[in-house]
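Enquirer: Those protein sequence lines, which keep their order, are chains A and B. Just so you know, the working numbering puts the end of the first sequence at 319, numbered straight through with nothing missing. Just so you know, the working numbering puts the end of the second sequence at 602, numbered straight through with nothing missing.
Think of the hints as simulated: they come from the structure by calculation, not from any bench. A hint or two may mislead.
Unchecked claim - Distance windows between CB atoms, simulated:
no.: 1; chain 1: B; residue 1: Met-416; chain 2: A; residue 2: Trp-30; range: 11 to 21 Å
no.: 2; chain 1: A; residue 1: Leu-234; chain 2: B; residue 2: Asp-481; range: 23 to 33 Å
no.: 3; chain 1: B; residue 1: Val-420; chain 2: A; residue 2: Gly-74; range: 29 to 39 Å
no.: 4; chain 1: A; residue 1: Ala-164; chain 2: B; residue 2: Arg-311; range: 32 to 42 Å
no.: 5; chain 1: A; residue 1: Ser-181; chain 2: B; residue 2: Met-592; range: 44 to 54 Å
no.: 6; chain 1: A; residue 1: Glu-315; chain 2: B; residue 2: Met-416; range: 18 to 28 Å
no.: 7; chain 1: B; residue 1: Phe-323; chain 2: A; residue 2: Glu-31; range: 49 to 59 Å
no.: 8; chain 1: B; residue 1: Phe-323; chain 2: A; residue 2: His-211; range: 17 to 27 Å
no.: 9; chain 1: B; residue 1: Arg-311; chain 2: A; residue 2: Leu-265; range: 50 to 60 Å
no.: 10; chain 1: B; residue 1: Val-336; chain 2: A; residue 2: Pro-231; range: 33 to 43 Å
As the structure is a prediction and not an experimental result, all values here were calculated from the model. Glycine included, every Cβ here is placed at the ideal spot set by N, Cα and C.
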Amino acid sequence: MTAKTLLAAKSIERGLRKSRWKTVLKNWELYIFVLPTMAYFIIFHYFPLYGLQIAFRDYAPSSGIWNSPWVGLEHLRRFFDSYYFWDLIGNTVGISLYEMIVGFPIPIIIALALNELKNGAFKKWVQTVTYAPHFISVVVMSGMIIAFLSPGTGLVNLAIKALGGEPVQFLGEPGWFKSVFVLSGVWQSMGWGTIIYLAALAGVDPQQHEAAMIDGATRMKRIWHINLPSILPTMVILLILNVGSFMSVGFEKVFLLQNPLNLESSDVISTYVYRSGLVQGQFSFSAAIGLFNSVINFILLLTVNRIAKRVNETSLW
Amino acid sequence: MTTMKRKLRSDRVFEIINFIFLFFILIIVLYPLVYVISASISDPVYVNQGTMWLYPRGITFEGYQRVFQNPEIWSGYRNTILYTVAGTAINLLFTVPGAYALSRKDLKGRGIMMGLIVFTMFFGGGLIPSFLLVSWLGMLNTVWALLIPNAVAVYNLIICRTFFQTNIPKELQESAEIDGCSNTVLFLKIVLPLSAPIIAVMALYYGVTHWNSYFSAIIYLKDRSLYPLQLILREILVQNQMNDTMLMTGDDMEAMAKQARIADIIKYAVMIVSSLPIIVIYPFMQRFFMKGVLIGSVKG
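If we strip away everything but chain A, and leave its shape as in the complex, we get:
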C-alpha cells in the first residue's frame, strides 16, 4: 500500500468517525431520554451482579464487600453437602417439570379450540372469563386456595364429603403440595396464556384452509396440519422462555402456601435463599445458592435456545 492510499484510507476513517460523532451529537436529546433507563439497569441490575462476589467471600456488614475475606467455593461446597440439597433440587425441578408438562399444552389446546369459534358472543364470554384470574393477586389466590382446601369448611372437602369420601388435608400433606401448586397455577393462567397463540392464529392465511378444504381435509386435519404448524414458532419461543426460568419456580405462591407440614415437598431453592439469607442473615451463603441457581437457569436457556435453533430454526437470538 502506498503512502497515498494509506493517507486516503485514514482520512476516510476519520471522516466516518466524524460523521458518527455528528449523528450522536445531532441526537443528543435521545441520549438524555435513554439515560434514566440505562442508569436504572446499570445500578439495579448490574451492580447486584458485581455484588455477587460476596458469594465467594465471608460477607460481614461491618466490613463491607471489599474488606470481607475471600473464601472461594466454601459456601457452594457447604450447600452441596447440606442435608437439604437434594430435597431442594428435587422440589424445584419437580414442580417446574410438572408445571411445564401440564401447564404448557393447555393454553395451546384452548387457543386452537377458541379459534374454531368464529367471533360469537360465546367466544367473547370464554375469553373475558378465562383472562380474569390472571389479574387476581398471588395473595388473594393463595387465600382462595387455603379457603377452598380447608379440611373442615373448604369447598373441595365439602364436595369430597358429599360424595362420601374422607376430607383431605391438602396443604398439610407433602404429597399434595405440587399438585395444588401446579393445578391452581393452571387455573389462574390458562386463559391468559391463550392470547399470544390466538394472535398467532389470527395471522394464518385463510387461503390455506380453503385449499385444504377443496382437497377434502376435515376440520381436525386442518387444525393439525395448518393451525398447529403456524403457531409452532410461538410455542418454541415460549418454551425457551419457560426453560429459562426453570429453576426459579414462582417464589411468591410457594412462599405463601408453604407451612411446616408441607415444607418437605414445598421448599424450593428460592424460598431457601430467602430463609437462609434474609431471615437468618447468612448473606454470603444464600448469595452463593442464588448464583448457583442463576447459572443453571442460564445454561438451560442457552442449551434449549441452541437446540431450538438447530431443529426448528426458531430461537430467541
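Since chain A is already given, all that's left is putting chain B on it; use the hints.
Expert: Same frame as chain A, now just chain B:
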C-alpha cells in the same frame, strides 16, 4: 354431494364437541369466582355446611362490615393507591422515553444498550445482592424501596419499543427534522400524542403489578403504617391473623365458635374488597390488554 354432506356432518360433530369443551373450561374458571362472591355475602353457617354452593344464602353484609371496621385495611388501601399511582408514574417516566430513544435506528449504540437490557432478563444478581444494594442506598423501610428498584420491566420496555418501531412512521421524524424540530419537541408534540394506546397499556400493566405486589414490601418494609394492602391481606388470608376490631372479643365457647365462623366470611369479603378496583376497571381495560399482547407479540 354425499361427501359434502358427510363433511358437514363431521363439522357439526366437531362444533358440538368443541362447544362442550370450551363450556367446560368456562365453568371451571367461572365457578370459583362466583363462589367467592356468593360466599362473601352469605351467612357463614350455610357456607361452612356446604349448603351454599352457587347462589348466596341468608344474605348478610357482616363480612364487609368487619372488613371496613379494620383501620389497617383502610391504611393498606391508601398506601396501595399511593404506591400504584406514584409507582406507575415512575415506571412510565423511565420506560417510555427510553423505549422511544431505543426504537430510533439512528441512535448509535442502541444494539449494545439493548443487549445490556435484555441480558438482565436471563441473568441477575439475585435476592441477596439486590437487597444489600437497596439497603446501602438507604431505601430500607422507605416507600422508595417499592418504587425505584422496579422502575423498568424489560418485557414492557420491549413491547413499548416495538410499538414505536412499527407505529411511528420514519417520514414523520424526517419531516420534523427538515422543519428544524428538535428531538424533544418531536417526542412530546408528535410521538406521544400518537402513542396513547401503548401508554394506556403500559400504565395498565404496571398499575396492576403495583396493585398486586407484596414481596418487595415483605423484604423492605418494617413499619406497619407503610404496609400495602396485600401485606395486610396476607396476614388475614394466609397467616390467619385478624385483629380485635374485626372479630368480637369474648371468652366463652359460643363466642369463639362464632368468631371462627365469621373469620371465614371475612376472608371471602376481603378477597373481593382488595380486588374491587381491578374488578371495576376490568371491562374497560380488556381491549387494552389484548392490544398490549398483540403489539408485544410482533417480533422486534
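Enquirer: Hints first: check each against the structure and report whether it holds.
Expert: Evaluation of the provided hints:
Judged by the Cβ atoms, the range 11 to 21 Å given for Met-416/B and Trp-30/A holds: they are separated by roughly 19 Å. At about 46 Å, the CB distance of Leu-234/A to Asp-481/B disagrees with the hint of 23 to 33 Å. Remark: the range hint 29 to 39 Å for Val-420/B to Gly-74/A is upheld by a beta-carbon distance near 31 Å. Checked against the hint of 32 to 42 Å, the C-beta distance between Ala-164/A and Arg-311/B comes to roughly 40 Å, which is consistent with it.
Evaluation of the 44 to 54 Å hint for Ser-181/A and Met-592/B yields a failure: the beta carbon distance comes to about 31 Å. Our hint of 18 to 28 Å for Glu-315/A and Met-416/B holds, since their Cβ atoms are close to 22 Å apart. Distance hint check for Phe-323/B and Glu-31/A: the Cβ-Cβ separation is about 54 Å, which falls inside the suggested range of 49 to 59 Å. Against the hinted window of 17 to 27 Å, the Cβ-Cβ separation of Phe-323/B and His-211/A comes to about 21 Å, which satisfies the hint.
Separation of Arg-311/B from Leu-265/A is about 56 Å and conforms to the stated range, judged on CB atoms against 50 to 60 Å. Between Val-336/B and Pro-231/A the CB atoms are about 38 Å apart, so this pair conforms to the stated range of 33 to 43 Å.
Of the numbered hints listed earlier, those contradicted by the structure are 2, 5.
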